[in-house]
Amino acid sequence: MYGLLGEHLAHSFSPQIHARLGGYEYRLFEVAPQDLAAFLAAREFQGINVTIPYKKAVLPYLAALSDSARRIGAVNTIVKRADGSLYGDNTDYDGFLYMVRRSGTAVAGKKAVVLGTGGASEPVAAVLSDLGAREVVKISRTGENNYQNLARHFDAGLLVNTTPVGMYPQNGRAPLSLAGFGALTAVFDVIYNPHRTALTLDAERRGIPAFTGLSMLVAQAKRAAELFLGRDIPDARVETILKALLRETQNVVLVGMPGCGKTTVGRAVAAALSRPFFDADEALEQDAGKTIPDIFRQEGEAGFRARETEVLRALCRQSGAVVATGGGAVTVPENFDILRQNSRVFFLNRDAKVLPTDGRPVSQRDGVQALYEKRLPLYRAVCDREVDANGSVEAVAARILEALG
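Residue numbers (our numbering): 445 to 849.
Calculated from the structure, these hints are not laboratory results.
Think about it this way: if two alpha-carbon atoms lie no more than 30 Å apart in a straight line, the pair counts; the simulated DSSO-like pairs of lysine-lysine are:
(1) Lys524 with Lys500
(2) Lys818 with Lys797
(3) Lys582 with Lys500
(4) Lys500 with Lys555
(5) Lys582 with Lys555
(6) Lys818 with Lys734
Make the full structure from the sequences, and use the hints.
Here is the structure:
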């Protein structure tokens with residue numbers, strides 16, 4: 445039996461990855477700090493991966509370390525040897541190296557800032573040094589280089605987040621703002637859930653290439669599986685698994701005008717993909733205990749939008765769902781990151797002349813055509829793909845499914 449050792453593992457995609465790598469039983473071992481010694485002493489596993497907060501804490505329990513793990517001073521893979529002793533290795537190095545090479549980012553000669561000093565920071569720093577970084581600076585909450593004196597490092601060309609800030613379920617948080625970092629050529633975040641973190645979304649808005657950690661996760665898992673099984677696995681498996689994982693775990697979010705068919709099309713897409721479906725307006729009404737027209741009358745549009753944002757925040761932080769949004773969700777700037785963090789966003793563009801207005805307060809107030817023209821740039825700004833929403837529900841759903849690949 446194999447698995448993942450950590451304290452909180454609800455965010456993990458590791459079981460899906462290892463099922464594709466080796467077909468062995470792979471479990472999540474959520475262990476409290478006070479129970480770590482007993483868990484390792486029991487050794488009821490053949491091999492485990494190790495994540496936050498135990499990458500350094502496991503070291504005293506290991507009989508031997510790989511050269512890589514000894515150099516880095518942290519372990520993310522443990523194998524039980526034939527004599528029952530535990531051997532530690534660090535495949536995070538392999539994973540981050542793959543992530544950087546896959547991004548096409550040049551490292552040599554650049555100054556790199558690494559956020560965090562935990563177990564994930566060590567292999568990241570080692571990779572950057574081995575690729576020729578001019579200088580690697582680790583930022584901690586205290587110490588010589590910290591978040592209060594960041595300005596001394598605004599000349600950095602690369603920035604890597606190895607902290608858990610922004611990881612599910614704390615979506616939307618970032619360890620810092622990128623304001624002031626005027627020389628960045630790339631931003632990396634080793635977090636993989638959500639797919640776009642607040643940090644990488646900040647980078648994208650500033651025109652900085654940004655990459656999150658799913659490719660790192662798959663690549664390090666591939667190397668770990670090789671250690672578990674004692675045989676090589678082709679590198680091509682990483683991209684195959686990565687593509688499948690993205691398809692399975694990214695939400696499908698539908699935006700568009702009121703009445704364009706988001707709910708009916710969303711239900712059809714969810715059925716075809718065997719995924720859960722959520723209608724944001726229905727969820728909002730259920731949460732509020734009253735209808736949307738009643739909310740508008742009693743709380744005004746501002747009150748409605750505030751409720752809508754909180755509903756979207758809850759729906760879009762999950763993985764592998766289909767979500768139909770309200771027509772005006774794009775009018776709140778805060779919602780852009782919420783919609784995009786974990787999803788492929790599709791804009792259903794339907795002819796405004798056939799859009800209904802019944803039960804839609806804003807459409808009735810502003811007129812459908814004027815509302816369409818006002819919101820069109822917003823729909824196009826937030827979406828990953830624009831879809832022709834004219835025609836039958838089946839036809840529109842088929843267009844989305846084709847785009848998903």
